[in-house]
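J.: Sequence:
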Amino acid sequence: MSLLSVLKSSFILVLISTSLVITFGFVTKPVKTVPLHEDTILVAHRGASYHAPENTLGAFQRGIELNADYLECDVQLTKDGHVVIMHDKRIDRTTNFYGMVKDLTLEELKKVDAGLMFSTDYIGEEILTLEELLIALNPGAGIMIEIKYPDLYPDIEEKVVNIIKDYQDKHKIIVQSFDFDVIKKVKKLLPDVETGVIVSKRKLNTTEIADLANYVNVINYNVNYLSKDIVEAAHNNDIMVTAWSIKKQKHFNKAMELGVDGIVTNFPDWIIK
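The number in the numbering used here is simply the position in the sequence shown, starting from 1, with 11 added.
Some hints here could point you the wrong way.
Claimed, not checked - Label-pair ranges, simulated between beta-carbon atoms: (1) Q179 <-> K261: 35 to 45 Å; (2) T116 <-> S211: 29 to 39 Å; (3) K181 <-> A224: 16 to 26 Å.
Because the hints were derived from the structure by calculation, they are not lab data. Computed from a predicted model, the values in this text were never measured in an experiment. Just so it is clear, CB atoms sit at the ideal spot from N, CA and C, and this is done for glycine as well.
Construct the complete structure from the given sequences, taking the supplied hints into account.
T.: Dropping the structure here:
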């Protein structure tokens with residue numbers, strides 16, 4: 012069975028509140044009750060990153076508590092070649108230190124606090140290695156690993172593959188990237204791992220989607236650029252479609268109307284099963 016075709020019992024969007032909620036600079040309107048498709052999966056973006064510091068163990072654990080099927084994370088390489096979980100090129104925004112990930116050793120990164128900038132409730136959260144996350148999740152939710160900034164890390168595909176190749180729940184892993192060539196390489200190195208490409212400000216045509224079927228299992232699409240013909244073309248080529256990043260009522264509605272296979276959100280508690 013494909014990783015993404017996990018049958019789920021019907022679940023609905025929860026009414027968040029009757030008042031406006033201000034989050035991250037945008038106004039979130041009350042979420043109405045909207046039925047989701049039975050097979051739709053829930054992906055917690057950088058963990059439950061609205062509730063806990065992104066890409067930390069606290070966020071991933073919270074995502075599991077909120078019934079996420081998969082946890083999305085971002086990986087880069089340290090100066091000494093370790094695969095660590097961090098979204099930005101620099102650690103300034105999310106930690107109490109500064110600098111480029113690629114210029115810092117794992118030992119140096121382990122000394123910074125990855126929770127303090129989010130909340131004092133999360134003081135002491137560490138920057139995780141990919142190995143540490145896989146160990147913490149085993150057994151648990153699936154994991155969607157995004158390879159970041161491959162131009163900075165020429166051998167990152169091999170390092171990621173070497174970590175996940177012996178993982179006993181490899182069938183619960185998706186490796187994805189905005190860089191299609193990166194995913195071609197991952198698929199060649201490890202054919203039995205599921206792979207995905209991330210698409211933002213463009214519309215794939217049917218020929219491009221048919222070509223993706225040679226090495227891609229999932230297209231993770233910016234919901235603002237997603238359309239019914241793209242979803243249908245993907246499904247016709249046995250490719251699943253997930254929509255990111257769902258932050259507003261209209262995005263939930265659009266994703267469900269288009270028939271996507273999964274949604275990626277910072278707010279997994281907006282959905283109950």
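J.: Find the hints from earlier in the document that the structure breaks and name them by number, from lowest to highest.
T.: none
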